[in-house]
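Residue numbers (UniProt numbering), protein chains in the order written: chain Z, 1 to 157; chain G, 1 to 485.
Please note: incorrect hints may appear among the correct ones.
[As the list claims (entries may be wrong)] Here are the simulated distance ranges between beta carbons:
1) G:His237 with Z:Ser11: 43 to 53 Å
2) G:Leu408 with Z:Pro80: 50 to 60 Å
3) G:Thr391 with Z:Ser11: 35 to 45 Å
4) Z:Ser120 with G:Ala82: 44 to 54 Å
5) Z:Met21 with G:His203: 46 to 56 Å
6) G:Cys188 with Z:Leu59: 28 to 38 Å
7) G:Ile401 with Z:Ala15: 11 to 21 Å
8) G:Glu105 with Z:Ser91: 37 to 47 Å
9) G:Glu407 with Z:Ala15: 26 to 36 Å
10) Z:Pro80 with G:Gln404: 50 to 60 Å
Derived by calculation from the structure, the hints in this document are not laboratory data. No residue lacks a Cβ here, since even glycine has one placed at the ideal position from N, Cα and C.
What follows is the residue order along each chain.
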Amino acid sequence: MATTLATKRLSKELAKITDIMPDGLTLVSATDFTSWTIDLTVLDANPLYLNQTFRLKFLFSDKYPMEPPEVVFVSLHEPPRPIPMHPHIYSNGIICLDLLGQNGWSPVQNVQSICVSLQSMLTGNSKNERPEGDTAFVATNRQRPRDINFYYHDDKV
Amino acid sequence: MPPPNTPVAHTPRSLSVDFTESLPFHNITVPPPNTPSSALDSPHHNRQYRSRAPQVVEEAVETDSSEIDESQHIDYRALTYADTVNENLICPICKVAFVDPVDTECEHTFCKECIAHALEHNDVCPFDRNPLPQPATLTRSHKIVINQLDSLLVECSSCRAHVPRSMLRNHLDRYCKEALVDCPDKGCLQQVRRKLVDQGCLHNNIACPDCEGIHQEVAMSKHREESCEERQRQCDHCGTNILRCKQTQHEEECVELIVPCIWVQYGCEHQCKRGELNLHKLECNFRLMGPMADILRKEIQTLQSDVRYLTDKEQLQERRIKFLEGGQRESHRHSNYEEWSSQALTPLADSAQVEPLSESTNEYLLNLLGDQERRISQLSSALTELEGKQTMMLFNETVPIKNQIAELQSNQQMTSMHIRWFMNWRKEDQLRLQQQQRRFGGGGGCAGGSGGASESEVDGGGSSSELATPRRSPDSLTRGLVTKL
Ligand SMILES: [Zn+2]
Ligand SMILES: [Zn+2]
Ligand SMILES: [Zn+2]
Ligand SMILES: [Zn+2]
Ligand SMILES: [Zn+2]
Ligand SMILES: [Zn+2]
Ligand SMILES: [Zn+2]
Chain Z
1 MATTLATKRL
11 SKELAKITDI
21 MPDGLTLVSA
31 TDFTSWTIDL
41 TVLDANPLYL
51 NQTFRLKFLF
61 SDKYPMEPPE
71 VVFVSLHEPP
81 RPIPMHPHIY
91 SNGIICLDLL
101 GQNGWSPVQN
111 VQSICVSLQS
121 MLTGNSKNER
131 PEGDTAFVAT
141 NRQRPRDINF
151 YYHDDKV
Chain G
1 MPPPNTPVAH
11 TPRSLSVDFT
21 ESLPFHNITV
31 PPPNTPSSAL
41 DSPHHNRQYR
51 SRAPQVVEEA
61 VETDSSEIDE
71 SQHIDYRALT
81 YADTVNENLI
91 CPICKVAFVD
101 PVDTECEHTF
111 CKECIAHALE
121 HNDVCPFDRN
131 PLPQPATLTR
141 SHKIVINQLD
151 SLLVECSSCR
161 AHVPRSMLRN
171 HLDRYCKEAL
181 VDCPDKGCLQ
191 QVRRKLVDQG
201 CLHNNIACPD
211 CEGIHQEVAM
221 SKHREESCEE
231 RQRQCDHCGT
241 NILRCKQTQH
251 EEECVELIVP
261 CIWVQYGCEH
271 QCKRGELNLH
281 KLECNFRLMG
291 PMADILRKEI
301 QTLQSDVRYL
311 TDKEQLQERR
321 IKFLEGGQRE
331 SHRHSNYEEW
341 SSQALTPLAD
351 SAQVEPLSES
361 TNEYLLNLLG
371 DQERRISQLS
381 SALTELEGKQ
391 TMMLFNETVP
401 IKNQIAELQS
411 NQQMTSMHIR
421 WFMNWRKEDQ
431 LRLQQQQRRF
441 GGGGGCAGGS
451 GGASESEVDG
461 GGSSSELATP
471 RRSPDSLTRG
481 LVTKL
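Given only the sequences and the hints, what does the whole structure look like? Please build it.
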């Protein structure tokens, strides 16, 4: 049952997304219902992210939408897709956002709402820096993003 | 020849079968007199229906409970809706129209299954994170919501017809021609589309006449039309590729096939390709006689059938007369019989003739009674069916009206709220204007300037009712001053 719910729900979302994709988002690939890639740009003229496009990778478990998808930024040379500079985004692309954690997630959220949240998270940022202890975290972390217990320092950013 | 006093009821079948079969062009609307009602509506069908009816009911009950339910499980989340569903009827979790909607304590609506699932993972309302400790109190959504969902048109996955969502189960279980039902052969465990049920079990293997491949009879026409490798051949006459199984159909319209003139039965020996037949029609020697002969032939057929009908009617009447005469004689003899028996002079021959007579009369009357009863029960069942249909129709019609009324009511409430707000605003505005005017007048023109102004200020602070009253005349103002002093 869970498997089919995930598939059905994602096919609904996919149909809607391919119909009208919100501004600043481009569906790159969605070959199956386990992994999608979406390109994201920031809508306003935040000088930090001017003329940059970022690539998001979504991994869906068969418990989606009851459980959150795993969402990370991925970097690429061609076309250039850097990891955005943000105090809640590690340089390996892992995002520290409570919406994507077990406790912050709600099944009424969806791929589009995640993308929009990330867009606004970048729009509102003015600090050109990585999270505290980024180098150490990136060097040592072997956990999957959703299993990491982030301490959500401040939710305003 | 039946005995002279045999009542009609003894031979209804043969009689009416004769009628229906011998009068193909003649619609019998007036039945022969004295025909028992069972003979009215072709007894053929009647008997079939009656003998089969209980079987049908048994089948329906059986399949309803188990077999169809399993094989034709409806996945309500995979339905295709005829129109775009209103956003308000979409479950935020599964993103399709609610299935079995329930409301949370915080008045958010989800499918019963969806919210149960979500609460297993996190016991808060998925919408507003309002804590919903287990076991959560979930109430069935308002009837309006349910009705709206019930009336959504969905596509039947079998026959593609659009039916209201609440009727889909019923449609698949009873009416859908394409739905799979159990094979009419009880020993066969396979399923077949409802439209083929009348043809008996079609699950035996037969060989394809074209490629000799073995297929089930039920799948044969599809095989011959779509997948058989030998399914196509060239028409011998026109050369186009045709399906082998459709050859006879094609031959009826192939323009290159040699066919006889349409008046062949009246003697025209002309033969030509079908495509050229129209040319021949214009010059055929029989072009005037043919239609004439056709009309005459039809006329004769009608007359023949009329004659047959009248003969039957006459026979029937004759029999009826004989029956009535027999009845009279019987009652007459009956009294005689008692007389004779008391005198011990009973003639054997007479008594032998009397007994079967009274028996057959009773039987005839009983038959009549039975027929009437059957008709009444038929009528009453038709009536119940009609009643059900009407209730359903009424229900379907009232639901949208109810919804519209609710919408209008809320609109009306909104408007009245706006008006009330606007009135208040106007009142306040007016008040403000008056106050301004008064203050302006007091400062400018009054003779006892300073005294009057300070008084009105004190007044203003003291009572609000005075504020609300229209501008006071200088008279009343001084009077107030005097009384206070
Ligand atoms: Zn809620
Ligand atoms: Zn749902
Ligand atoms: Zn159907
Ligand atoms: Zn069968
Ligand atoms: Zn074949
Ligand atoms: Zn042909
Ligand atoms: Zn001719």
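Hints, one by one, checked against the model:
1. Judged by the Cβ atoms, the range 43 to 53 Å given for G:His237 and Z:Ser11 holds: they are separated by roughly 51 Å.
2. Between G:Leu408 and Z:Pro80 the Cβ separation comes to about 57 Å, which falls inside the hinted range of 50 to 60 Å.
3. Here the CB-CB span from G:Thr391 to Z:Ser11 is close to 39 Å, well matched to the stated 35 to 45 Å.
4. A hinted range of 44 to 54 Å is violated for the C-beta pair Z:Ser120 and G:Ala82, which are about 37 Å apart.
5. Separation of Z:Met21 from G:His203 is about 50 Å and conforms to the stated range, judged on CB atoms against 46 to 56 Å.
6. A hinted range of 28 to 38 Å for the beta carbons of G:Cys188 and Z:Leu59 is inconsistent with their spacing of about 48 Å.
7. A C-beta distance of roughly 33 Å is found between G:Ile401 and Z:Ala15, which places it outside the suggested range of 11 to 21 Å.
8. The beta-carbon spacing between G:Glu105 and Z:Ser91, approximately 44 Å, falls within the hinted interval of 37 to 47 Å.
9. In this structure the hint that G:Glu407 and Z:Ala15 lie 26 to 36 Å apart at CB holds, the actual value being about 29 Å.
10. Take Z:Pro80 and G:Gln404: their Cβ atoms lie about 56 Å apart, and the range 50 to 60 Å holds.
This entry does not satisfy hints 4, 6, 7, going by the numbered hints stated previously.
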